[in-house]
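Single-letter residue listing:
2 protein chains.
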Amino acid sequence: MRVLALLDGTLADPDAPLLRVDDLGLMRGDGIFETVLVVNGKPRELDPHLDRLARSAEMLDLPEPDRASFERALTLVLDNWSGGTEMALKLVYTRGVEGGDGTPTGFALGLPIGAKVLTQREAGLSAITLDRGIEPGLAERAPWLLLGAKTLSYAVNMAALREAERRGAEEVVFTTSDGSVLEGPTSTLVTVNGRTLTTPPATLGILPGTTQAALFRAAEREGWTVVVEPIAVVDLHSAAGVFLVSSVRKITRVHTLDGKPLADSSAIHAELADLYESEY
Amino acid sequence: MRVLALLDGTLADPDAPLLRVDDLGLMRGDGIFETVLVVNGKPRELDPHLDRLARSAEMLDLPEPDRASFERALTLVLDNWSGGTEMALKLVYTRGVEGGDGTPTGFALGLPIGAKVLTQREAGLSAITLDRGIEPGLAERAPWLLLGAKTLSYAVNMAALREAERRGAEEVVFTTSDGSVLEGPTSTLVTVNGRTLTTPPATLGILPGTTQAALFRAAEREGWTVVVEPIAVVDLHSAAGVFLVSSVRKITRVHTLDGKPLADSSAIHAELADLYESEY
Numbered sequence: 043m044r045v046l047a048l049l050d051g052t053l054a055d056p057d058a059p060l061l062r063v064d065d066l067g068l069m070r071g072d073g074i075f076e077t078v079l080v081v082n083g084k085p086r087e088l089d090p091h092l093d094r095l096a097r098s099a100e101m102l103d104l105p106e107p108d109r110a111s112f113e114r115a116l117t118l119v120l121d122n123w124s125g126g127t128e129m130a131l132k133l134v135y136t137r138g139v140e141g142g143d144g145t146p147t148g149f150a151l152g153l154p155i156g157a158k159v160l161t162q163r164e165a166g167l168s169a170i171t172l173d174r175g176i177e178p179g180l181a182e183r184a185p186w187l188l189l190g191a192k193t194l195s196y197a198v199n200m201a202a203l204r205e206a207e208r209r210g211a212e213e214v215v216f217t218t219s220d221g222s223v224l225e226g227p228t229s230t231l232v233t234v235n236g237r238t239l240t241t242p243p244a245t246l247g248i249l250p251g252t253t254q255a256a257l258f259r260a261a262e263r264e265g266w267t268v269v270v271e272p273i274a275v276v277d278l279h280s281a282a283g284v285f286l287v288s289s290v291r292k293i294t295r296v297h298t299l300d301g302k303p304l305a306d307s308s309a310i311h312a313e314l315a316d317l318y319e320s321e322y
Numbered sequence: 043m044r045v046l047a048l049l050d051g052t053l054a055d056p057d058a059p060l061l062r063v064d065d066l067g068l069m070r071g072d073g074i075f076e077t078v079l080v081v082n083g084k085p086r087e088l089d090p091h092l093d094r095l096a097r098s099a100e101m102l103d104l105p106e107p108d109r110a111s112f113e114r115a116l117t118l119v120l121d122n123w124s125g126g127t128e129m130a131l132k133l134v135y136t137r138g139v140e141g142g143d144g145t146p147t148g149f150a151l152g153l154p155i156g157a158k159v160l161t162q163r164e165a166g167l168s169a170i171t172l173d174r175g176i177e178p179g180l181a182e183r184a185p186w187l188l189l190g191a192k193t194l195s196y197a198v199n200m201a202a203l204r205e206a207e208r209r210g211a212e213e214v215v216f217t218t219s220d221g222s223v224l225e226g227p228t229s230t231l232v233t234v235n236g237r238t239l240t241t242p243p244a245t246l247g248i249l250p251g252t253t254q255a256a257l258f259r260a261a262e263r264e265g266w267t268v269v270v271e272p273i274a275v276v277d278l279h280s281a282a283g284v285f286l287v288s289s290v291r292k293i294t295r296v297h298t299l300d301g302k303p304l305a306d307s308s309a310i311h312a313e314l315a316d317l318y319e320s321e322y
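Going down the list, the protein sequences come from chains B and S.
Position in the first sequence (from 1) plus 42 gives the number in my numbering.
Position in the second sequence (from 1) plus 42 gives the number in my numbering.
If we strip away everything but chain B, and leave its shape as in the complex, we get (with noise of 0.2 Å):
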């Protein structure tokens, strides 16, 4: 099941065209997206997602998002969706079409939860180190490489997924070229050690976590030390936990990077599920 609405209020056929082909959304991936998890008919973290959004549409000098519109539109896309408990909530953003009034193209999806990413959940996952070519402090030198926007431009991380299918593995772990740990390609990279949970910083030009935020701001709560600091790959390897937590996957474990099998974070990653859900 899908739901599309549109950010005039109305509701449109998904398996319908809406979008003509010289949007720029298409023409030059010039836009920008989030994806909202909905559990029984509630939106997580959609206050963080809308500022994200906001964020994401100044950092490419879009207008800005009409969040009343935006709203109205996944209002309308929670009370026609019938398709369970669960629901991943697209909003996406785009340029518009090419020499047109400049009028943005704007709409909110539902969609099921893809069925790998709810074994990943609970079974875990393995991934890969791949090099982003990023080196430290470029996204802070060079703002037109949008660096730590959520941009429709995600080719690049698509093909990382594609790499890491080719090698046997189901996920990325983005690095610097000199093995600072970024982030999945979809996802932010959480570690444990003892009551302590780390992420690296948003500022070495990766999108700050909404997930990783509530799992945080439910840790500290609780009496955990969260930190934001760089994380080094080889600190993976010897860490008590190692995770890849988005909007959907949620809290997911990597059992297995670059081949070689990390620690077992089962009894870790049940504590951190309830921290989380325990925010909701």
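Don't read these hints as lab results, they were simulated from the structure.
Covered stretches of chain B (in silico footprint by chain S; criterion: 3 or more residues with CB under 8 Å from a CB of chain S, positions within the stretch not fixed):
no.: 1; stretch: 65–78
no.: 2; stretch: 169–177
no.: 3; stretch: 201–215
Which stretches of chain B does chain S cover? Using the computed rule of at least three CB atoms under 8 Å from a CB of chain S, they are:
no.: 4; stretch: 44–58
no.: 5; stretch: 181–188
Owing to the predicted nature of the structure, the values given are computational and were not obtained by experimental measurement.
No residue lacks a Cβ here, since even glycine has one placed at the ideal position from N, Cα and C.
Starting from the structure of chain B, add chain S where the hints point.
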């Protein structure tokens, strides 16, 4: 005027919606394109463009584009064009809809040449250098970064052009972090010194240029020396001529770089333009 034709050999209305919202070309910038210059009904460098489309498809693990279908579609566009002497002919090819049967989305779209490009062909343009964040060797080491593939994920290219505009310039010359010249966001860079044409090697992670190749072919035939080797940014300021070349812009002079006037290359420009036109 715009003319749109599909890979099944039918015309379509370019003002009508054609793409579903879940086309991966939109959702992930997961697709490729070419822009071919058509003059008096004749596409220029069509074979190199179709070759490069096939090469980009291979880099993205897309099914090989069906050449006959693209030729049929573009012929249909040519046959139905009444928009003047010149046309920009876009060929687009995406991974199709998410979770679909893997059938790519493809089309050919004929567009008029933009007024800005026509002005710049005559008057030249001012450019700025911007760090592309690419180190030498990265393209070969990390093929998943798709450096040198012509993908729909062009948000960074568009952001760079907006940065140029902010700084009062019109175009961008991307550079490596260590000051080596790469390419423009939608063009190839060529320098002239005496009777020598130079362009940076594609192995740096840039697109092999179809117009640059045609120009070099013509120049070599007329006794020029053509060189493919790295160019330092500092050498642009001492060159007799600096040009951004692409199908649609042809050979365009850069008259100002980072706010500093470059050598007057009007006479060289006329000579190169003649060389290029002699190919057709």
